[in-house]
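Novice: Take the sequences, apply the hints, and build the full model.
Given next are the chains, with one letter for each unit.
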Amino acid sequence: MTVVANIVAQRDDFTLDLNLRIDDGETVVLLGPNGAGKSTTVAVLAGQLPLASGFVAFGDTTIDDSNDIFVPPRDRRVGVVFQDYLLFEHMNVLDNIAFGINTRGARMADARTDAGRWATRFGVGGLLAKRPSELSGGQAQRVALARAVAMQPRLLLLDEPLAALDVETRAATRRTLAQHLREFEGPRLVITHDPTDAFLLGDRIYVLEDGKVTQEGTPERIHSHPATSYVAAVAGTNLLTGRNHGGALALDDLDFELRTSNTQIEGDVLITVHPRAVALFTDEPHGSPRNTWLTTIDSVDPLGDTTRVFLADPLPIAVDITPASTAAMGLAPGVRVWASVKATEVAVAAVGSN
Amino acid sequence: MSRTIKDRPPGLLVALAAIAIALFGLPLLGLVTRTPWTELGSILTSDVVIDALWLSVVTSIAAAALSLVFGLPLAWLLARVEFRGRDAVRALVTLPMVLPPVVGGTALLLALGRRGVVGEPINDATGFLLPFSIWGVILANTFVAMPFLVITVEGALRNLDPRFETAAATLGAGPLTVFNRITVPAILPALRAGTVIAWARSLGEFGATVTFAGNLQGRTQTLPLAVFVALESDRDTAVAISLLMVVISFVVLISLRDRWWSTR
Numbered sequence: 001m002t003v004v005a006n007i008v009a010q011r012d013d014f015t016l017d018l019n020l021r022i023d024d025g026e027t028v029v030l031l032g033p034n035g036a037g038k039s040t041t042v043a044v045l046a047g048q049l050p051l052a053s054g055f056v057a058f059g060d061t062t063i064d065d066s067n068d069i070f071v072p073p074r075d076r077r078v079g080v081v082f083q084d085y086l087l088f089e090h091m092n093v094l095d096n097i098a099f100g101i102n103t104r105g106a107r108m109a110d111a112r113t114d115a116g117r118w119a120t121r122f123g124v125g126g127l128l129a130k131r132p133s134e135l136s137g138g139q140a141q142r143v144a145l146a147r148a149v150a151m152q153p154r155l156l157l158l159d160e161p162l163a164a165l166d167v168e169t170r171a172a173t174r175r176t177l178a179q180h181l182r183e184f185e186g187p188r189l190v191i192t193h194d195p196t197d198a199f200l201l202g203d204r205i206y207v208l209e210d211g212k213v214t215q216e217g218t219p220e221r222i223h224s225h226p227a228t229s230y231v232a233a234v235a236g237t238n239l240l241t242g243r244n245h246g247g248a249l250a251l252d253d254l255d256f257e258l259r260t261s262n263t264q265i266e267g268d269v270l271i272t273v274h275p276r277a278v279a280l281f282t283d284e285p286h287g288s289p290r291n292t293w294l295t296t297i298d299s300v301d302p303l304g305d306t307t308r309v310f311l312a313d314p315l316p317i318a319v320d321i322t323p324a325s326t327a328a329m330g331l332a333p334g335v336r337v338w339a340s341v342k343a344t345e346v347a348v349a350a351v352g353s354n
Numbered sequence: 001m002s003r004t005i006k007d008r009p010p011g012l013l014v015a016l017a018a019i020a021i022a023l024f025g026l027p028l029l030g031l032v033t034r035t036p037w038t039e040l041g042s043i044l045t046s047d048v049v050i051d052a053l054w055l056s057v058v059t060s061i062a063a064a065a066l067s068l069v070f071g072l073p074l075a076w077l078l079a080r081v082e083f084r085g086r087d088a089v090r091a092l093v094t095l096p097m098v099l100p101p102v103v104g105g106t107a108l109l110l111a112l113g114r115r116g117v118v119g120e121p122i123n124d125a126t127g128f129l130l131p132f133s134i135w136g137v138i139l140a141n142t143f144v145a146m147p148f149l150v151i152t153v154e155g156a157l158r159n160l161d162p163r164f165e166t167a168a169a170t171l172g173a174g175p176l177t178v179f180n181r182i183t184v185p186a187i188l189p190a191l192r193a194g195t196v197i198a199w200a201r202s203l204g205e206f207g208a209t210v211t212f213a214g215n216l217q218g219r220t221q222t223l224p225l226a227v228f229v230a231l232e233s234d235r236d237t238a239v240a241i242s243l244l245m246v247v248i249s250f251v252v253l254i255s256l257r258d259r260w261w262s263t264r
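Line order of the protein sequences matches chains A and B. Reading the first sequence from the start, the letters are residues 1 to 354 in our numbering. Reading the second sequence from the start, the letters are residues 1 to 264 in our numbering.
The hints are simulated quantities; they were obtained by calculation from the structure and are not laboratory data. Every residue, glycine too, gets a C-beta built ideally from N, C-alpha and C. Heads up, none of these hints are tricks.
Covered by chain A, according to a simulated footprint, are these stretches of chain B (three or more residues, beta-carbon under 8 Å):
(1) 162-170
(2) 177-187
Distance windows between CB atoms, simulated:
(3) A/Asp301 to B/Asn159: 48 to 54 Å
(4) A/Asp305 to B/Arg158: 43 to 49 Å
(5) B/Arg158 to A/Arg11: 19 to 25 Å
(6) B/Val184 to A/Asp60: 34 to 40 Å
So, partial list: chain A residues that the calculated Cβ filter (under 7 Å) puts toward chain B:
(7) Ala46
(8) Pro73
(9) Arg74
(10) Val78
(11) Val80
(12) Leu86
(13) His90
(14) Phe99
(15) Gly100
(16) Thr103
(17) Arg104
(18) Met151
Specialist: Below is the structure:
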């Protein structure tokens with residue numbers, strides 16, 4: 001079953017205009033800054049806000065045609081994982097998960113049996129008698145996910161699923177979430193403002209800005225060809241892999257060595273270089289930066305208040321500079337420039353620690 | 001030498017609070033010192049007292065139950081449904097808390113009495129008459145008691161995050177299921193507290209009852225009415241009944257305090 005939505009919705013002065021398509025087994029991420037229309041999208045799909053025009057269809061079933069058809073929330077079968085989970089405090093974990101099975105007609109005893117199985121699949125089988133307030137953030141998220149999936153929804157909708165977690169839990173939870181999402185075979189939609197969530201969870205990403213989709217594509221595509229300065233800012237970080245030997249980074253698949261100030265994390269590492277940390281010069285620079293190399297401009301994309309420049313060999317990475325310096329330096333594809341980045345701007349993380 | 005870290009409470013506040021405690025405590029002392037302890041047993045087992053006690057217990061519990069059955073939906077309506085004139089309805093509902101009960105009783109009589117706007121047609125059609133019956137006592141009690149439950153529960157409903165109800169709806173629950181399985185359990189402490197307050201108010205009810213239901217021993221004469229009658233003729237009985245009411249109220253309020261009385 002495929003979810004197809006042609007959403008035009010109105011909230012006060014704000015208009016959301018969004019075309020979505022999500023296939024079975026696909027995780028689509030809606031990525032956008034605050035005020036982009038993410039919560040309006042949740043409200044439309046979950047049935048809290050009727051469409052102004054357009055339609056939303058789950059397979060052959062239209063659930064809102066902005067006219068005669070408006071299927072109320074309880075009949076939509078949209079499994080929502082809310083940002084703060086909204087687990088029912090007066091019920092234990094088992095009854096929270098059983099709730100949606102029970103309301104769909106199963107007897108309570110059967111619903112509980114079924115709920116127990118779902119709890120096990122989502123790794124909360126040992127917490128059935130706990131109250132939601134006794135759970136950690138990560139556990140609560142898994143219970144919320146189990147509750148949403150157990151009702152066998154036609155669409156699984158996760159609204160900022162990691163936002164309620166502290167930074168340390170977030171990284172670990174993100175990985176288990178990616179696995180658990182695959183437990184649900186239908187269409188999945190993750191709403192987030194966090195590019196890391198988007199890139200790690202999404203098969204496809206829609207970038208939403210000011211009520212409109214500004215870019216749509218695979219994480220790789222969006223990373224390599226950001227269409228707006230927002231996308232460039234959130235999706236632009238250069239990701240590399242290699243091995244760290246006392247601050248000398250031997251990059252995988254590239255004949256190039258970067259220096260990092262981090263000598264703590266040895267061995268296989270994930271390397272990030274922010275595009276704004278890289279400086280470009282027409283003449284060879286002198287001074288502190290440890291990493292300086294001669295390269296060729298591959299492409300130049302003006303994105304409003306920044307310009308994204310891609311470098312060719314030996315180190316193909318993205319660089320963000322101001323439109324003024326682009327013009328002053330006469331940057332264009334094929335032009336030879338010097339690039340440099342400080343060793344302190346080359347961040348490394350152990351592979352697997354995420 | 002022991003040292004305490006806490007500051008001593010300010011003397012002025014303690015003094016004022018002590019005066020407040022004396023205001024509640026002294027009348028009780030007066031009651032206890034004037035109690036005819038030797039005749040207490042015989043007075044409290046007299047027909048008048050037994051009848052009044054029985055009526056008070058039955059009517060106050062019935063009024064608390066009716067307040068719950070009708071007051072909960074009313075509180076929900078006021079808290080959750082936007083409609084024109086909602087503020088006016090809320091004022092109307094809380095009016096009995098402000099009105100002298102005797103005025104409430106008069107109004108009930110004019111509406112539901114033998115010659116009342118609604119009472120007369122009902123009486124003509126069925127022969128049923130509310131005033132001067134136990135049903136009249138229960139109605140008068142409910143009239144003065146229900147507002148306490150309504151404002152307690154409405155407050156709790158307003159504090160309840162409506163998104164939990166939204167979440168339940170996305171899980172396939174219809175409005176009534178949401179109400180029964182999400183809303184009510186979430187406000188249960190307030191619901192219990194509201195019911196106890198309604199019961200307590202109704203146990204002490206005098207003015208509306210005597211006006212609307214009259215003062216007939218064995219039919220409408222509750223404990224407060226019996227005290228009032230006895231004050232005229234038999235002071236010892238009045239004191240004995242008063243003491244009985246103090247004891248009943250005290251025991252109930254203390255025993256329910258932890259489980260029922262707090263609103264969380």
